[in-house]
Amino acid sequence: GAVVSQHPSWVICKSGTSVKIECRSLDFQATTMFWYRQFPKQSLMLMATSNEGSKATYEQGVEKDKFLINHASLTLSTLTVTSAHPEDSSFYICSAVSGSKTQYFGPGTRLLVL
Amino acid sequence: SQKIEQNSEALNIQEGKTATLTCNYTNYSPAYLQWYRQDPGRGPVFLLLIRENEKEKRKERLKVTFDTTLKQSLFHITASQPADSATYLCARAYNDYKLSFGAGTTVTVRA
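As they're listed, the protein sequences go chains F and D. Note that my numbering has the first sequence beginning at 1, numbered continuously upward. Note that my numbering has the second sequence beginning at 1001, numbered continuously upward.
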């Protein structure tokens, strides 16, 4: 089956630093990837759509200058949380859309900002 | 907005029984609904997709229904096992591939 990986699986950083999270589709190409955020006991909230070769589109209320997205190839999208603050601590999950239009999710990245 | 509601936050059942989870949506019927399983600290895993014109879909011990009149989907786990304990998420598609998720129902199956 289609596999999506994320790296790192967890990260702890100091307030004010930037953190990069990678999302890779391991055995298929994905022109579209999505980034979600999930707070404890809450649902996944879509942050942005990452399109290979073009700019990401952001959902309402998500700051594009704070959450930088780069979809450099058909198998890799990166999310950079710039100048992270404690309120950015969350579980970040990516997904990749396969040729069959199914979304396959990565295992998630736990971010803790101190 | 394309709202998805899963009314039950938690469901505790005895092993061997059938778990039934409810997902309600607002506004127009989506072209399809999807159900995912999420274990603690992990990303969601796709289980089933049911289209608007399908009444019912099955996969092993799982069954999903889609009622456009009630604007509701039901998700059944038959002959439940402790290994089925997880959070189950309902999602509706909009604007091509985007998904709007419900808050999820956490199922606990007691041995």
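No wet-lab data here; the hints were simulated from the structure. Every residue, glycine too, gets a C-beta built ideally from N, C-alpha and C. Be aware that one or more of the hints could be misleading.
Distance condition first, Cα-Cα at most 27 Å in a straight line; then the derived DSS-like pairs of lysine-lysine [claimed, not checked]: (1) K20/F - K1017/D; (2) K14/F - K1098/D; (3) K1055/D - K41/F; (4) K101/F - K1017/D; (5) K55/F - K1055/D; (6) K1098/D - K64/F.
What the simulated footprint calls covered on chain F by chain D, stretch by stretch (three residues with Cβ under 8 Å from a Cβ of chain D suffice, anywhere in the stretch; the number is not a length) [as the list claims (entries may be wrong)]: (7) 96-103; (8) 106-114.
The hints, checked one at a time:
1. K20/F - K1017/D: violated, 44 Å
2. K14/F - K1098/D: At roughly 32 Å apart (the allowed maximum being 27 Å), K1098/D and K14/F break the hint.
3. K1055/D - K41/F: violated, 30 Å
4. K101/F - K1017/D: Since the Cα atoms of K101/F and K1017/D sit roughly 33 Å apart, the hinted pair is violated (cutoff 27 Å).
5. K55/F - K1055/D: violated, 39 Å
6. K1098/D - K64/F: Since the Cα atoms of K1098/D and K64/F sit roughly 18 Å apart, the hinted pair holds (cutoff 27 Å).
7. 96-103: Coverage by chain D holds for the region 96-103 of chain F (4 residues, Cβ < 8 Å).
8. 106-114: It holds: at least three residues are needed, and the region 106-114 of chain F offers 4 whose Cβ sits within less than 8 Å of chain D.
In this structure, the hints that do not hold are numbers 1, 2, 3, 4, 5, in rising order.
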